[in-house]
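Number of protein chains: 2
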Amino acid sequence: MKPYQLQELLNARQLLGDHIHRTPLIQSHLLNKMAGCELYFKCENFQKAGAFKMRGAMHKILSLSPEDQQKGVATHSSGNYGAALALGAKLMGIPATIVMPGNAPGVKKNAVESYGAQIVECEPTLEARENTLAGIISKTLATPCHPYNDRAVILGNSTATQEILEEMDVDAIISPVGGGGLISGTALAAHFFSKKTVVYGAEPQGAADAFHSIQLNSIQPSINPKTIADGLRTSLGDQTFPVIRDYVKEIFLVDDYEILFAMKLIWERLKIVVESSSAIVLAAVLKNKQIFQNQKVALILSGGNVDLNAFFNLEISKL
Amino acid sequence: MKPYQLQELLNARQLLGDHIHRTPLIQSHLLNKMAGCELYFKCENFQKAGAFKMRGAMHKILSLSPEDQQKGVATHSSGNYGAALALGAKLMGIPATIVMPGNAPGVKKNAVESYGAQIVECEPTLEARENTLAGIISKTLATPCHPYNDRAVILGNSTATQEILEEMDVDAIISPVGGGGLISGTALAAHFFSKKTVVYGAEPQGAADAFHSIQLNSIQPSINPKTIADGLRTSLGDQTFPVIRDYVKEIFLVDDYEILFAMKLIWERLKIVVESSSAIVLAAVLKNKQIFQNQKVALILSGGNVDLNAFFNLEISKL
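As given, the protein sequences belong to chains C and X, one line each in that order. Residue 1668 is where the first sequence ends in my numbering, and the numbering goes up by one at each step. Residue 1668 is where the second sequence ends in my numbering, and the numbering goes up by one at each step.
Everything labelled a hint here was simulated from the structure, so no lab data went into it. Be careful, since some hints might not be right.
[What the hints assert, rightly or not] Capping the alpha-carbon separation at 20 Å, the derived lysine to any residue pairs in SDA-like fashion look like this: (1) Lys-1382/C <-> Leu-1668/X; (2) Lys-1382/C <-> Gly-1465/X; (3) Lys-1613/C <-> Pro-1473/X.
[To be verified] Coverage of chain C stretches by chain X, computed from C-beta distances (three or more under 8 Å per stretch; other residues unrestricted): (4) 1394-1401; (5) 1581-1587; (6) 1604-1615; (7) 1619-1631.
[As the list claims (entries may be wrong)] Pulled a few chain X residues facing chain C out of the computed Cβ check, cut under 7 Å: (8) Phe-1601; (9) Leu-1602; (10) Asp-1605; (11) Glu-1617; (12) Lys-1620; (13) Leu-1657.
Even for Gly, the Cβ is constructed at its ideal location relative to N, Cα and C.
All chains should be built: construct the whole structure from the sequences, respecting the hints.
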């Protein structure tokens, strides 16, 4: 991996400019009391397309040459990255194709469709997804955009932490760990923009591949991950593993009960909707309070795309 | 009713000062598109104690003489006002007693208790609540604080709209109508601080007492209200009826399905948690689009205190 330079992070911030939202940092007295430290929640659930993924996706698109932009972008994703790439392409007026497994949830398909991207369905295996994407690329000459294992994506993601550190120099930042794209950007920004900020990851016990990858010092694939945090089931890539290895202090594991407990606290106390993959950062700090006593700790709430059908169907059934 | 003076509203704003949060006005492209106008959501769900009620409760406390403050405050409420008065009293270091029916939801009791107020339980009838409150008042000499039928409360509530109009001169504001305390403050602020802002109310079809009160030009009690919007089941009072009659253009009625549809839209698109009594304002604008075409419309999201147990128990049961 080519070492990162401060200037690359600064450039990413400038290039993204107003293409993304600057999201707020919010607080809760009660949650501070529970955690025994000062918590600052970075609300990427308020980001365009409802997740931090917009930063990396948009930065990737903006990094392409005008010629390549016109040929369009493509990815395979059943999650937030597909929607973010679709919206980024729409805002730039270029075509986007998103490969999704036929069994992807309706809400995810609707989001991508509402942003005007073309959806190509395939079998729900990684092989089918990659083959389908390769077919589209060879036909359209669109640029394949990986959700996280890509330098432009990581640099785009770094802007969330650049914003945090511009507002305040926190002692620690905790970021969720899935494929490692967000935490890599977080760790690089903390490295370049703060003298003291320590970066931690939060990973589900049922998808602890990053935890084991760091322990064994080599990428361990995520095999049969089992967690409610559907955004955190992926494996690290060769672009994210070395950054995490070099710049992240520790990865905390939490179970799904702890994640749901934290998610309820955030909805109840902060009055905001975040997904389980985001709530994991609060779960991690509540489980490791002794480390953060009286510190200023930023928690990155990565996104707010939750399928609310079950909840509202329940409410409607009561009428 | 003594006519209101501009200076009273200005004084309320100044007296409240930093005792309350200035809440944000937020937007959504998609919701604008759906409504055919520019919507500005005033997020009182982010207010202290999770609802606009904090404005009126705090202003009432601050309006008391130091001697009366020391004797404490008391109310009967199973909703947001009890919690707001409890928190206001706590912040001022004075005692508060909240009369609640024995069958009030656990989450409501917990909120009041967490703010350190004394809860006195009684039978779930209005008579029992009033008698119990009267007993407390005569014993403690605490000041009885009505949730809405009180000039100081209405003036406190007016500050939400003062904040809105300081940021922008909207064409219309829609406020929920329960006992009329919020919409009275809204209408007075619009009257004094804008030359053009028209104020509308949104009321549940199953608790349409304000609608009928205006039609018949006399207060019609809310008898057996039936609506999911539990904050909007109360009747108007002699302090709120004349303000609504004189300064509110129209009251829109919506049903519970429309309320839940709007509530889901707000959670999904704005990524914030609001209660059904708040979502009613979006339901009203979506039902009356023709009135607001291309206008700037502020919607007051009155609170975010939702019982999330059912939703999270469902999620936990899936683990």
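So which of the earlier hints does this model not fit? Of the numbered hints given earlier, those the structure breaks are 1, 3, 5, 8 and 9, listed in rising order.
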